[in-house]
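Trainee: In case you want the letters, here they are:
There are 2 protein chains.
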Amino acid sequence: MSKNLTKRAEDYSKWYNELVVKADLAENSAVRGCMVIKPYGYAIWEKMQAELDKMFKATGHQNAYFPLFVPKSLFEAEEKNAEGFAKECAVVTHYRLQNDPDNEGKLRVDPDAKLEEELVVRPTSEAIIWNTYKGWIQSYRDLPILINQWANVVRWEMRTRLFLRTAEFLWQEGHTAHATEAEAIAETEQMNTVYADFAENFMAIPVIKGVKTESERFAGAIDTHCIEALMQDGKALQAGTSHFLGQNFAKAFDVKFTNKEGKQDHVWATSWGVSTRLMGALIMTHSDDQGLVLPPNLAPNQVVIVPIYRSDEQFEAIKEVVSKVKSDLEAKNITVKFDDRDTFRPGAKFAQHELQGVPLRIAIGPKDLENGTVELARRDTLTKEVVSIEGIEDRISDLLKTIQEDLFNKAQTFRDNHITEVEDFETFKTILETKTGFVSAHWDGTAETENKIKELTKATIRCIPYDSKIEEGNCIYTGNTSKQRVLFAKAY
Amino acid sequence: MSKNLTKRAEDYSKWYNELVVKADLAENSAVRGCMVIKPYGYAIWEKMQAELDKMFKATGHQNAYFPLFVPKSLFEAEEKNAEGFAKECAVVTHYRLQNDPDNEGKLRVDPDAKLEEELVVRPTSEAIIWNTYKGWIQSYRDLPILINQWANVVRWEMRTRLFLRTAEFLWQEGHTAHATEAEAIAETEQMNTVYADFAENFMAIPVIKGVKTESERFAGAIDTHCIEALMQDGKALQAGTSHFLGQNFAKAFDVKFTNKEGKQDHVWATSWGVSTRLMGALIMTHSDDQGLVLPPNLAPNQVVIVPIYRSDEQFEAIKEVVSKVKSDLEAKNITVKFDDRDTFRPGAKFAQHELQGVPLRIAIGPKDLENGTVELARRDTLTKEVVSIEGIEDRISDLLKTIQEDLFNKAQTFRDNHITEVEDFETFKTILETKTGFVSAHWDGTAETENKIKELTKATIRCIPYDSKIEEGNCIYTGNTSKQRVLFAKAY
Numbered sequence: 015m016s017k018n019l020t021k022r023a024e025d026y027s028k029w030y031n032e033l034v035v036k037a038d039l040a041e042n043s044a045v046r047g048c049m050v051i052k053p054y055g056y057a058i059w060e061k062m063q064a065e066l067d068k069m070f071k072a073t074g075h076q077n078a079y080f081p082l083f084v085p086k087s088l089f090e091a092e093e094k095n096a097e098g099f100a101k102e103c104a105v106v107t108h109y110r111l112q113n114d115p116d117n118e119g120k121l122r123v124d125p126d127a128k129l130e131e132e133l134v135v136r137p138t139s140e141a142i143i144w145n146t147y148k149g150w151i152q153s154y155r156d157l158p159i160l161i162n163q164w165a166n167v168v169r170w171e172m173r174t175r176l177f178l179r180t181a182e183f184l185w186q187e188g189h190t191a192h193a194t195e196a197e198a199i200a201e202t203e204q205m206n207t208v209y210a211d212f213a214e215n216f217m218a219i220p221v222i223k224g225v226k227t228e229s230e231r232f233a234g235a236i237d238t239h240c241i242e243a244l245m246q247d248g249k250a251l252q253a254g255t256s257h258f259l260g261q262n263f264a265k266a267f268d269v270k271f272t273n274k275e276g277k278q279d280h281v282w283a284t285s286w287g288v289s290t291r292l293m294g295a296l297i298m299t300h301s302d303d304q305g306l307v308l309p310p311n312l313a314p315n316q317v318v319i320v321p322i323y324r325s326d327e328q329f330e331a332i333k334e335v336v337s338k339v340k341s342d343l344e345a346k347n348i349t350v351k352f353d354d355r356d357t358f359r360p361g362a363k364f365a366q367h368e369l370q371g372v373p374l375r376i377a378i379g380p381k382d383l384e385n386g387t388v389e390l391a392r393r394d395t396l397t398k399e400v401v402s403i404e405g406i407e408d409r410i411s412d413l414l415k416t417i418q419e420d421l422f423n424k425a426q427t428f429r430d431n432h433i434t435e436v437e438d439f440e441t442f443k444t445i446l447e448t449k450t451g452f453v454s455a456h457w458d459g460t461a462e463t464e465n466k467i468k469e470l471t472k473a474t475i476r477c478i479p480y481d482s483k484i485e486e487g488n489c490i491y492t493g494n495t496s497k498q499r500v501l502f503a504k505a506y
Numbered sequence: 015m016s017k018n019l020t021k022r023a024e025d026y027s028k029w030y031n032e033l034v035v036k037a038d039l040a041e042n043s044a045v046r047g048c049m050v051i052k053p054y055g056y057a058i059w060e061k062m063q064a065e066l067d068k069m070f071k072a073t074g075h076q077n078a079y080f081p082l083f084v085p086k087s088l089f090e091a092e093e094k095n096a097e098g099f100a101k102e103c104a105v106v107t108h109y110r111l112q113n114d115p116d117n118e119g120k121l122r123v124d125p126d127a128k129l130e131e132e133l134v135v136r137p138t139s140e141a142i143i144w145n146t147y148k149g150w151i152q153s154y155r156d157l158p159i160l161i162n163q164w165a166n167v168v169r170w171e172m173r174t175r176l177f178l179r180t181a182e183f184l185w186q187e188g189h190t191a192h193a194t195e196a197e198a199i200a201e202t203e204q205m206n207t208v209y210a211d212f213a214e215n216f217m218a219i220p221v222i223k224g225v226k227t228e229s230e231r232f233a234g235a236i237d238t239h240c241i242e243a244l245m246q247d248g249k250a251l252q253a254g255t256s257h258f259l260g261q262n263f264a265k266a267f268d269v270k271f272t273n274k275e276g277k278q279d280h281v282w283a284t285s286w287g288v289s290t291r292l293m294g295a296l297i298m299t300h301s302d303d304q305g306l307v308l309p310p311n312l313a314p315n316q317v318v319i320v321p322i323y324r325s326d327e328q329f330e331a332i333k334e335v336v337s338k339v340k341s342d343l344e345a346k347n348i349t350v351k352f353d354d355r356d357t358f359r360p361g362a363k364f365a366q367h368e369l370q371g372v373p374l375r376i377a378i379g380p381k382d383l384e385n386g387t388v389e390l391a392r393r394d395t396l397t398k399e400v401v402s403i404e405g406i407e408d409r410i411s412d413l414l415k416t417i418q419e420d421l422f423n424k425a426q427t428f429r430d431n432h433i434t435e436v437e438d439f440e441t442f443k444t445i446l447e448t449k450t451g452f453v454s455a456h457w458d459g460t461a462e463t464e465n466k467i468k469e470l471t472k473a474t475i476r477c478i479p480y481d482s483k484i485e486e487g488n489c490i491y492t493g494n495t496s497k498q499r500v501l502f503a504k505a506y
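These protein sequences, in sequence, are chains A and B.
Position one of the first sequence corresponds to residue 15 (the numbering used here), numbered consecutively onward.
Position one of the second sequence corresponds to residue 15 (the numbering used here), numbered consecutively onward.
Hint data in this document are derived by calculation from the structure and do not stem from the laboratory.
Check the hints yourself; a few may be wrong.
To be verified - Incomplete in silico selection of chain A near chain B, CB under 7 angstroms:
#  : residue
1  : C48
2  : Y56
3  : N77
4  : Y79
5  : P81
6  : F83
7  : K86
8  : E102
9  : Y109
10 : N166
By construction, the Cβ of each residue, glycine as well, lies at the ideal position given by its N, Cα and C atoms.
Construct the complete structure from the given sequences, taking the supplied hints into account.
Mentor: Structure, rendered in structure tokens:
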């Protein structure tokens, strides 16, 4: 199976596209730009969801559900946002199909079933949610509102790629309302940190926390915080954003509250989200020319056991041993799949599990039974060793932790080796073309320079890192003074 | 709070509508027919989802995700279904909004951004899924496919009611593919039984398992199995359906496989679903004039603790005791909320928790501290008793089980008392108008009679129960021979 996978060095983009399909994660559908997330891909997404949901609840958030549709007029109320992606969206104009009188067996849109007001399939839910919050908020006693929604959203993208950019995608969007600016800012930062912790501890992806420049900010936001990851091809990927919305939405939707002093004030807001795009980041960070590599914390199956046998007796004997190993592992909360399909040979199973990134593979045959051993193979390093069955559950438990750490460390080393400080524009361009990765450079703070650099190099400012220190410098492009380095990169 | 709730006897329908809103479960949105599911309502839905998901996985199913949109032509391929509700649906015709050149500050649909083919927001996913399965199935080795999807769907209903009938609703839809007819039928029955078990053991709602008549069947199905519940107003509610689809969809979408004998055959299919409608059933089965009554197995908070105090010292002393009680309860997997808000008085808290159906309420004041007691109140019976704190975790654990059983038994007694066998049409009509509930009667098996009865009485055949025994009889309407009683009722 993996034999057919294009090599990363040959064509990284093709490698990615093939991998997503061959590893049974997702595929394109009959609807332009929309994907089908297959069971194996969805199982990984479910693990992400479960963990994120736990983190959201631990920070005091509750889930709720708001309508899929947003009346056009609500976008008008919220003009700034409508200037952005809200325009490239799916618009519902009619509410009925009927048999086509001119074409037997065909359907047509009933011309008499036109909606009075068009409905937009939500590209994000600020408008409908703030229109709703208006009814929920009267006094400071009603605040804060800390709500998250798991939902599908649609943005009419012209060029799509599985997980990375699709017309419909799955995501979560947090929408909070606060009595004070300070509280809303703290929430914005808190959620960006939650995202960073999730990316690093579960996805094993090192990320840089920072703040976007005005040009890269969400249209309705005062400040957009983000986490930025680096893919193996040296391109950056924005993995999550958390917006401090100030009072913009409260003003657009007239949401006021009576504060403790009895005065009326507009509510302060945040919104924050991550999406199925994270699947793309996960795949591109760890996988190799043999296929998917999954961190144990997100692998649907952490261990797969493949029996090797010629006779039914051998199979029965193996099954007995496996059954004990499996339940010992499960007692340690390790997910194990016993691949006892008789429609595939061991070699084909090995190839499939390698392609699908199962962190650890156990193979067990008649000789192992005699010796009280199994063959244990690590997906990330592609190494194998014969180990004793005695105490294997502890060994595997430790090994899964090791793999999780090793994957993070490997990605971090790669990422750290791909942050280059440069002082002049020529070097800047050379680094972007040859070494790739993040380039840390001084910038004069203007959108004009930012755009010019983007035009000339395709690199954008990914973020102003939280830990970027204040230092005197000169903009690599204009030479004007700068107080701080920012991170540039070509990005997904 | 509950003081303002309309009484069931006065106006059952109004009582329901008010209760849903006052108990903070859901509300109508700015989008006609679409609801906002509020955090408290969503928390109950999440508990349902979690339990159902576990049951689906225990029976071998995996989750996946398919596109929100279905191209119009796929509905044409699947004509029979399109004849049904697929016609009253949301149709996406355009993919862009733009500034209206004639109206500053307004948006309009960009007339140049018309889709070549209209997209229907899924009313159900058979069409898009079977069009996808075609690419997944070649041989019997690819079968069965056992997939479930959690999703939102849209049906353009003219008259909507929160949870019971909304334009957009949340549901799960299982779509399975099998090599044999027998296997698909077994799956259909299995999932109907899963639904019945869930309804009875978690929702505490007794249900009747049965099969629909042809008129009441899902358009694309050979057989529709269902579970039917009875609400307190004597109207039936279909709580879940499981369809045996035969080879209809495989034929419509040309999905063939090579069987073990090497021959080509069409694949056999099932689909099955439950939706946020279950929330309506849950509310209407157990709640009373004081508000919501929740079975402990689905209550977001099974126990609420309200402190009663005058001074800070009293509060601190209570808090210390509560902290121990809470952790003892949580150690038994009981969810407990300590309502320590200082913005509300105990009376207001009591009213709110009563309205929101928290199964058990503990009140604890200074006198209780002296005596080592608390006041324990049951929501279902509205009874209170003073009990010792000593061993309270066991008492509560037992009591929650008792409440769960009592709610089921109460609903079952009511339901059983509302199944009336009748032999003639006059009695039939009288029962429907006076006693209400299910009427068990002979029917001649024709759609014509069924329609006539519906026209005259508004009652429909809810199902032919699995346990309806074969017996000679005469149709209550035509007098023609009948082999079996069926269950009639007015229904939601």
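Trainee: Run every hint past the structure and note whether it holds.
Mentor: Right, here's what the structure says about each hint:
1. Contact between C48 (chain A) and chain B, as hinted, is supported at the beta carbon level, the nearest pair being about 4 angstroms apart and thus within 7 angstroms.
2. Interface hint status for Y56 (chain A): upheld, as the beta-carbon distance to the closest one in chain B is roughly 5 angstroms, under 7 angstroms.
3. Because the beta carbon of N77 (chain A) sits about 5 angstroms from the nearest beta carbon in chain B, less than 7 angstroms, this interface hint is met.
4. A least Cβ separation of about 4 angstroms between Y79 (chain A) and chain B falls short of the 7 angstroms threshold, and the interface hint therefore holds.
5. Evaluation of the P81 (chain A) hint against chain B yields a held restraint, the C-beta minimum of about 4 angstroms falling below 7 angstroms.
6. About 5 angstroms separates the beta-carbon of F83 (chain A) from the nearest beta-carbon of chain B, less than 7 angstroms, and the hint is met.
7. Interface hint status for K86 (chain A): upheld, as the beta-carbon distance to the closest one in chain B is roughly 6 angstroms, under 7 angstroms.
8. For E102 (chain A), the suggested interface contact is upheld, since its CB lies about 6 angstroms from the closest CB of chain B, less than 7 angstroms.
9. Hint status for Y109 (chain A): holds, given a least beta-carbon distance of 4 angstroms to chain B, under 7 angstroms.
10. Below 7 angstroms, beta-carbon pairs count as interface contacts, and N166 (chain A) has one with chain B at about 6 angstroms; its hint therefore holds.
In summary, the structure agrees with every hint in the numbered list given earlier.
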